[in-house]
Amino acid sequence: MTLSLARTAYTTRLATLLVLALLIATANAQQYRDADELMAAVNARPEPATTEATLSMTITTAGGQTLTRELQMWAEGTDARVMKFTAPADIAGSGFLNLTHADGAEEKLVYLPALGRVRRIAGGQQGDAFFGSDFSYEDITGIEPDDYTHELIEVREGPTYVVAAVPLPGTGSVYERLVISVPEATLVPVQVEYYQGGELVKTLTVSGLTEVDGYTLALERRMETLRGGQVTSYTVIAQRAVKLDQELPTDLFTERFLRR
Amino acid sequence: MRRLIILSLTLIASLATSQAVQLGGQAAVTFGVAVDGTLPVAAAEAVLTLSGEVGSGFFPDASYSATILAGYDAATGDSTLELDEARVTAYLGDFELTAGKLRRAWGSTDGVNPVDLLNPRDMRFPPEAYKVAVPMLHGIYYADDVNIELALLPMFVPSTLPGPAWRQAPAPELPPGVTLAGILPLEEHRPAAELSNVQFGLRATMQLSRFDVSATYFRGFRSEPTINARLEPGAAPGQVLLQPVLSYDRVNVLGLDFSGVVGDVVLRGEAAYTIADAPTAGAAAGSDSLQAVLGGEYLIPGGPRTVLQAIYDYTAPTNGSSSTSTLKFMTALIYEPTNRTQVDLGWVQSLDGSGLLMPGLTYSFADGVRGEATAYVLYGGSGTEFGDLSENSQLRLSLVYDF
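Keeping their order, the protein sequence lines are chains C and B.
Residue 202 in this note's numbering sits at position 218 of the first sequence, and the numbers go up by one each step.
Count along the second sequence from 1, then add 51; that gives the number in this note's numbering.
The following block holds chain C by itself, in its conformation from the complex (with noise of 0.2 Å):
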């Protein structure tokens, strides 16, 4: 009995010291004390000058039944952006334009070949679907860290953060606090959660890490929409043919391309 106790207390002694020695290991491991630190990180991750990649988007109904649809993007660091589909055929030859001016504000504009018109998106517009897939025009066009306050509220094994991000007032997003998730090793963030009126509305994975000429790309994203916890709808944009670093014409970022 006196040993068992004896042992016991050895046990617990033990077992303190493990945790006392793992809970060292893990605060030397997180290399980043605070969201700001973190986000600043994520930011500083090198990103090429130019990207250019053929997307697949396929949109899952809850009925299981899918949608697809095939665009070429090109982009030329996080400032400018271009989508043009070219399938199915009810949609091909629309493209999406976004542009972020030297002053911060951000322009988007959709051409429609059926109107023949180039049509710009308000802010509020932003929650708007983008052509009828899970991911909104503010989803497809990314977070901007600048945007939104961050908080640091769980570090998860890894270690991952999870960081709290709100978005700062006039920058018209439709959600009131996104969820993110960042591993460390890569700083790639392979979660949001997006949150309106206190609900989790939808839910973004980021999957098939890669090595790119030396950046890390995502290859996959899946954006699930939820209603009541449950997905009703999710769609994936996959990317292939990824070119990065190219030269590209400075007028492709234009109207005038967008109609083309």
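The set of hints was computed from the structure by calculation and includes no laboratory data.
Please read all numbers here as calculations on a predicted model, not as lab measurements.
Glycine included, each C-beta is placed from N, C-alpha and C at the ideal position.
Incorrect hints may appear among the rest.
Said to hold, decoys possible - Counterexamples of contact, computed for chain C against chain B with all Cβ distances above 10 Å: (1) Gly61; (2) Ala86; (3) Pro167; (4) Gln175; (5) Thr194; (6) Leu228.
What the hints assert, rightly or not - Lysine to aspartate or glutamate pairs mimicking EDC-like chemistry, simulated, CA-CA at most 20 Å apart: (7) Lys68(C) x Glu104(B); (8) Lys68(C) x Glu36(C); (9) Lys227(C) x Glu60(C); (10) Lys182(B) x Asp161(B); (11) Lys152(B) x Glu136(B); (12) Lys227(C) x Glu54(C); (13) Lys68(C) x Asp453(B); (14) Lys68(C) x Asp418(B).
Go by the hints and put chain B onto chain C.
What follows is chain B alone, placed relative to chain C:
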């Protein structure tokens, strides 16, 4: 023969150097039923488009497309086989030149575009009047701060008149003791194909602080006829026949339009003032007129995209008739409750109490395959703009396959 061989060789050479030649099209069937039980449409239509690019650089040196349209409407007996839009575009640095049978869109607003003057409309079914491709030479120059467009239309093509059910019967005032014995076939004074009747339009677009602003000038003809009538003696004394006369006013049109983002709203506006030339022999001129549209587009959070527009029409007095003006309001709601479904509602309300309501549903069955259902409900009292056409209220169902 020699010319044909050269043309064939040129075409083969161009196809051989093409980067991408695509063949696509659309097949559609439409069926409609009106409130009085008649079938206004029972049509099948096929559209075939060949398109491609020529050149080896990032941007093509040229591109081309040609569309053939074939259709048959069992309800009206109309059949169609025609070359629709067909064009060749050359990209010459900052200048693009397109020649062919074209459609071009000018203006900023939705549905009603006072400055969109280059193409006539097929108005056989007025709620869905669509633009008709016409022979045109169109150039656009992209300067740093301004885009300048020039369009030349060598041949005048009029708009297609609304179907018989959509026309209002003429009711001429007759002298006492005179009766109307009948209506003679339409007499049309269409501008002849000659150099002096070549139409042209000029448009300049610039960006002013996130607003796109365009100014337009058009010299040509109204594509919709001015309808007059004269009385011809009938077979018996005291009887007359009504001779409707369609003429197309030569006009100068000055237009202005804009679109821009203000907060969460996209504002759009468009206005055109039309000045009709003095009447030519055999045709009475229509009046000067103004049409102006002002509206905004807003996405209701979690709800539909909403467009609200006010449409003002003014016709100046002429030939002793007084001026007229109307004000209408247009609302459009577009909502996508699921990835496959779009629900929309178009609503035009006139101040005379009449209006047109167009609820619609679009469902995507598969990639490129969609079904559409739209109801057209015209309402209002007798003598009102839409009320007199209320018997044309109908439901239309379509199945469309794009390939």
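Results of checking the hints against the structure:
Every Cβ of chain B is farther than 10 Å from the Cβ of Gly61(C); the closest lies at roughly 19 Å, confirming the non-interface assignment. With a minimum CB-CB distance of about 14 Å to chain B, Ala86(C) clears the 10 Å threshold, and the non-interface call stands. Non-interface status of Pro167(C) relative to chain B is upheld: no Cβ of that chain comes within 10 Å, the nearest being about 30 Å off. Every beta carbon of chain B lies more than 10 Å from that of Gln175(C), the smallest distance being close to 22 Å; the non-interface claim holds.
The claim that Thr194(C) lies off the interface holds: its Cβ sits roughly 26 Å from the closest Cβ of chain B, which is beyond the 10 Å cut-off. Every CB of chain B lies more than 10 Å from the CB of Leu228(C), the least distance being 16 Å, so the non-interface label holds. Straight-line distance between C-alpha atoms of Lys68(C) and Glu104(B) comes to about 16 Å, which keeps the hinted pair within the 20 Å bound. For the hint linking Lys68(C) to Glu36(C), the alpha-carbon distance of about 12 Å falls within 20 Å, and the restraint holds.
Annotation: proposed proximity of Lys227(C) to Glu60(C) holds, straight-line Cα distance about 12 Å (limit 20 Å). Taken as a hint, the Lys182(B) and Asp161(B) pair is honoured in the structure, with Cα atoms around 14 Å apart against an allowance of 20 Å. Annotation: proposed proximity of Lys152(B) to Glu136(B) holds, straight-line Cα distance about 5 Å (limit 20 Å). Distance hint between Lys227(C) and Glu54(C) is fulfilled; the C-alpha atoms sit about 17 Å from each other, no more than 20 Å.
Note on Lys68(C) and Asp453(B): the hinted pairing holds, with a Cα-Cα distance of about 18 Å set against a maximum of 20 Å. Restraint check for Lys68(C) and Asp418(B): satisfied, since their Cα atoms lie roughly 17 Å apart, inside the 20 Å limit.
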